[in-house]
Amino acid sequence: MSRERFRKALLPPGAENIEKLKKIVKEGNHYGAQQMYKTTSSRYATVGRFSEALDLLQSGACLQLENEQVTCGGELSILFVEMLMKAKVDFDEDYLDRIRKIYKKFPRIPVPQNLDLADDDDTIHRLSEIFGAAKIRVESCSSFLKAAIKWSADSGPCKIGSPELHDMLAEYIYSESPEPDMTRVSYHFARGRNPNRFASTLVNFMGKCYPGEDDLAIARAILMYLSIGNLRDANNIMDEMEKLAPAKELEFPDSELMRFINYLLQTLMRDALPLFNMLKQKFSSSIERDPMFNELLEDIGEKFFGVRRKNPLQGMFGELFKM
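Just so we're aligned: the sequence shown equals residues 222 to 544 in the working numbering.
Do not rely on the hints blindly, as some may be mistaken.
As the list claims (entries may be wrong) - Derived Cβ-Cβ restraints for the label pairs, each shown as a range: (1) G353 x M306: 30 to 38 Å; (2) Q502 x D342: 52 to 60 Å; (3) P378 x M513: 22 to 30 Å; (4) M306 x D342: 45 to 53 Å; (5) P331 x P467: 42 to 50 Å; (6) S272 x P467: 47 to 55 Å; (7) L486 x Y252: 51 to 59 Å; (8) S376 x R453: 49 to 57 Å; (9) E477 x E400: 34 to 42 Å; (10) M513 x E248: 44 to 52 Å.
I should point out that these hints are in silico values taken from the structure, not numbers from a laboratory.
Computed from a prediction, not measured in an experiment: that's the story for all the values here.
Virtual Cβ for every residue (Gly too), placed ideally from N, Cα, C.
The task is simple: from the sequences and hints, build the whole structure.
In structure tokens form, the structure reads like this:
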């Protein structure tokens with residue numbers, strides 16, 4: 222027997238270790254189980270038994286997350302994606318479903334909304350703990366899904382990553398963050414395939430954001446879609462928001478920035494580069510309200526009119542790597 226075959230024979234079937242480690246987790250020894258998940262999966266990978274290594278990591282991630290061990294579960298989730306890369310697994314629906322199952326195990330805990338009622342030390346301390354735990358959940362899930370998006374971009378048909386994975390990440394960031402980063406939310410929703418869900422999220426944000434943030438969030442969303450050449454969904458999300466806002470008794474913002482966005486959408490439906498340049502100049506003060514807008518407009522000029530960027534290293538993929 223060769224040394225490689227001997228080493229393979231030393232390892233029991235992966236299912237045996239899965240059951241063994243489940244018992245350790247149920248006994249409450251989460252840290253001890255964590256170390257065993259990592260070392261045992263590594264041993265399977267070393268002898269080329271990647272399928273069993275993946276099964277072990279998926280089981281461990283789900284089990285730890287079910288027990289609200291977010292740090293442990295998040296680490297095993299990332300190791301699962303890293304194992305996909307190590308095994309050179311191509312992106313497909315089966316593995317997307319496995320990532321989805323792990324994602325659904327990440328805890329979802331409502332964050333208190335009535336923060337103005339926090340007027341005593343005990344309540345403030347409790348809120349601090351809640352917000353700290355929420356931050357850990359969001360960072361852990363984000364790290365997992367960003368790794369999965371990179372894997373899907375490297376090994377799948379979509380070079381900016383799986384749209385469904387982008388949607389998952391956008392929804393988790395928005396729903397679980399005490400104060401969601403709408404730039405990140407928009408970035409991932411724009412690369413997803415659910416503009417109606419994004420429109421609903423933006424309307425929800427309009428109902429609780431600070432004055433003057435609503436038109437910035439809407440403009441950012443539209444420009445994100447346009448920066449990757451998606452004029453159809455940019456128009457769709459505007460139409461959907463204008464329908465949803467009155468139902469929530471919200472007034473759709475009427476500002477110079479919104480007028481610019483409406484003119485821009487009309488301009489991009491025709492070959493009108495001079496008009497595009499004129500709009501940028503006329504509404505420059507509104508565009509400068511967010512430093513990102515000028516960069517997005519450079520992407521839009523390149524996508525729709527073939528205008529070369531001043532800095533070719535910037536743009537869509539540069540932004541993807543930065544995020």
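Exercise for the section: Note whether the CB distance of P331 and P467 lies within 42 to 50 Å or breaks it. Expected result: At roughly 27 Å between Cβ atoms, P467 and P331 fall outside 42 to 50 Å, so the hint is violated.
Exercise for the section: Can you let me know if the beta-carbon spacing of M306 and D342 is within 45 to 53 Å? Expected result: Hint holds: Cβ distance 47 Å, inside 45 to 53 Å.
Exercise for the section: Evaluate the given range 22 to 30 Å for the C-beta pair formed by P378 and M513. Expected result: 28 Å, holds
Handout entry: Beta-carbon spacing of Q502 to D342 - inside the hinted bounds 52 to 60 Å or not
Key = Given about 54 Å between the Cβ atoms, the range holds.
Exercise for the section: With 49 to 57 Å as the target window, see if S376 and R453 comply at their CB atoms. Expected result: 27 Å, violated
Exercise for the section: With 34 to 42 Å as the target window, see if E477 and E400 comply at their CB atoms. Expected result: With Cβ atoms ~26 Å apart, the hint is violated.
Handout entry: Outcome for the supplied range 51 to 59 Å, where the beta carbon pair is L486 and Y252
Key = For L486 and Y252 the Cβ distance comes to about 53 Å; the hint holds.
Problem - Assessment of proposed distance window 47 to 55 Å (beta carbons of S272, P467) - result: 53 Å, holds
Exercise for the section: Take a look at whether the Cβ-Cβ distance between M513 and E248 falls inside 44 to 52 Å. Expected result: 49 Å, holds
Practice task
Given the hint of 30 to 38 Å, check if G353 and M306 actually sit that far apart at their C-beta atoms.
Solution key: 31 Å, holds
Hints 5, 8 and 9, counting from the list given before, are not met by this structure.
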